[in-house]
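Peer 1: Sequence:
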Amino acid sequence: MLDEKAREAIALKRFSLISPVLNGQVKNQKEYFDALSDKPIEIPYLGMRRYTPKTLRGWLYQYLRGGIEALKPGYRSDRGKYRKINFELSEKIKQKKLEHPEMPNKLLYETLIGEGIISPDKVSLSTFYRFLKNIPVKSLDKEKEGKTKRFSHEFINELWQTDVMYGPYIKEGKTKRQTYLIAYIDDASRLCTYARFYYTQNFLALRDSFKEAVLRRGIPKMLYTDNGKIYRSTQFEYICASLGTSLIHAEPFSPHSKGKIERFFHTVRMRFLSTIDPTSIKSIDELNMMFFKWLEEDYNRKEHSSIGMSPLDFFMSQISRVNMCGDIDMLNECFLIRVNRKVNKDATLKVENILYETEEKFKGMRLEVRYDPQWLKDNTPLLLFHEGKKVGEAYKVNFHENAKIPVEYIEDRKVVSENEDTVDFAAKPNPPVISFNDIID
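Number 441 marks the last residue of the sequence shown (the UniProt record's numbering); no jumps.
Calculated from the structure, these hints are not laboratory results. Incorrect hints may appear among the rest.
Said to hold, decoys possible - The calculated lysine-lysine pairs, modelled on DSS-like cross-linking and capped at a C-alpha distance of 30 Å, are: (1) K30 - K54; (2) K5 - K293; (3) K293 - K176; (4) K345 - K390; (5) K27 - K5; (6) K106 - K94; (7) K122 - K97; (8) K92 - K27; (9) K54 - K39; (10) K229 - K171; (11) K13 - K27; (12) K30 - K92; (13) K122 - K174; (14) K211 - K229.
Between the sequences and the hints, there should be enough to build the whole structure, so can you do that?
Peer 2: Okay, structure coming up:
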């Protein structure tokens with residue numbers, strides 16, 4: 001019996017096999033799946049396995065209909081709202097999108113309703129958005145693009161590069177702290193889609209920066225990283241898979257493969273860091289405000305020698321290719337942190353050493369907890385999932401309020417209710433004692 005951790009690992013492996021097809025890296029889908037089926041594939045927790053082209057294509061259709069959750073073994077391939085969109089209907093929607101690649105998704109939805117292809121009673125707008133975000137639609141409009149240098153992608157958001165650079169030390173109060181710049185570069189336009197200085201180079205900083213980049217510039221088809229620990233985390237792999245982004249790691253000891261992001265860091269050092277005095281900066285927020293101003297007014301708007309125009313102008317010339325997530329709630333869900341917890345006998349569980357309580361029916365169950373790190377700082381409930389389906393919520397324990405709740409004596413004492421003035425306890429046998437008078441006698 002596979003546990004949730006094993007199912008997630010297998011789902012991520014399956015996604016890695018179909019993602020080249022999803023993101024247009026494969027010219028001939030049939031040849032690609034035939035080649036994969038010719039050799040054994042190492043699957044986490046299962047070992048070496050061979051799969052037929054039909055099975056591999058099945059994973060592709062499952063992902064298109066249900067996202068990363070549908071790739072977990074033992075789950076329904078049509079789990080969730082996507083079963084409202086069958087294969088025949090999905091082909092009609094994709095064909096219409098191919099015919100009108102620049103049409104806004106909401107207008108496309110209304111057009112399909114008007115033509116009687118879909119019914120709003122069966123396929124909601126949010127379901128439609130969720131389905132469309134997983135379709136790698138290529139524009140049929142053969143727009144004339146300027147020549148790019150060799151090894152560069154022709155179109156924006158095909159590939160982003162990301163890395164971490166050591167920044168200056170900042171003194172806040174009496175403490176001097178190292179800063180780190182996490183940045184993302186669009187391979188085609190050289191646009192910096194987002195960059196920010198942090199005090200740490202961990203998963204939370206990576207998650208925050210990547211989410212901001214996606215919110216501002218859309219979802220990339222591929223993300224190219226080095227082999228750093230934060231880029232290898234299962235949490236980050238799950239975020240990318242939920243978005244439909246292929247996570248690609250550079251070959252070890254090949255710094256030349258990240259040339260564009262390294263050149264960007266060189267530009268940051270020469271044109272930004274060389275112009276500021278770190279000793280006069282009082283906080284990391286002040287440093288970031290100065291950096292954002294330089295990034296938008298200088299780097300992104302300055303002509304780049306490789307493309308003959310500014311990164312921003314190049315990016316805007318292909319703005320129709322940007323895949324923005326139309327449903328902000330769905331986007332937030334993709335970035336939730338996922339951990340597995342067993343619910344205690346008192347219906348409580350701990351996340352980051354914070355105690356939460358949930359419904360009695362979950363006692364003893366192992367559930368997946370999803371949350372935003374900000375929720376741990378306020379009273380937002382955490383989301384509970386079982387087998388990929390939301391089953392409830394967990395609320396932060398309020399010890400002060402719980403102290404006011406009437407106590408239940410469950411062994412040899414009666415239940416104390418708010419209306420009782422006295423409490424009767426069951427009689428207990430007196431412990432054996434020796435009288436002092438007996439000893440004297």
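Peer 1: Next step is simple, just say for each hint if it's right about the structure.
Peer 2: Taking the hints in turn, this is what the structure says about them:
The straight-line distance between the Cα atoms of K30 and K54 is roughly 10 Å, inside the 30 Å bound, and the hint therefore holds. Between the alpha carbons of K5 and K293 the distance comes to roughly 43 Å, so the proposed pair goes past 30 Å and is violated. With a C-alpha separation of about 24 Å, the suggested pairing of K293 with K176 holds against the 30 Å cut-off. For the hint linking K345 to K390, the alpha-carbon distance of about 21 Å falls within 30 Å, and the restraint holds.
The suggested pairing of K27 with K5 is violated, with an alpha-carbon distance near 33 Å, which exceeds 30 Å. In summary, the hint linking K106 to K94 is supported, as the alpha carbons are separated by about 14 Å, within the 30 Å threshold. Only pairs whose Cα atoms come within 30 Å are accepted, and K122 paired with K97 is accepted, the gap being roughly 19 Å. For a cut-off of 30 Å, the pair hint linking K92 to K27 stands: about 22 Å separates their Cα positions.
Taken as a hint, the K54 and K39 pair is honoured in the structure, with Cα atoms around 15 Å apart against an allowance of 30 Å. Between K229 and K171 the alpha-carbon distance is near 27 Å, which keeps this suggested pair within the 30 Å criterion. Restraint check: the Cα-Cα separation between K13 and K27 comes to about 21 Å, which is no more than 30 Å; the hinted pair holds. At roughly 21 Å between alpha-carbon atoms, K30 and K92 fall within 30 Å of each other, so this suggested pair holds.
For the proposed pair K122 and K174, the alpha carbon gap of about 61 Å is over 30 Å, so the pair is violated. Distance check on the hinted pair: K211 and K229 sit about 19 Å apart at the alpha-carbon level, within 30 Å; holds.
Hints 2, 5 and 13 from the list above are not met by this structure, while the remaining hints are.
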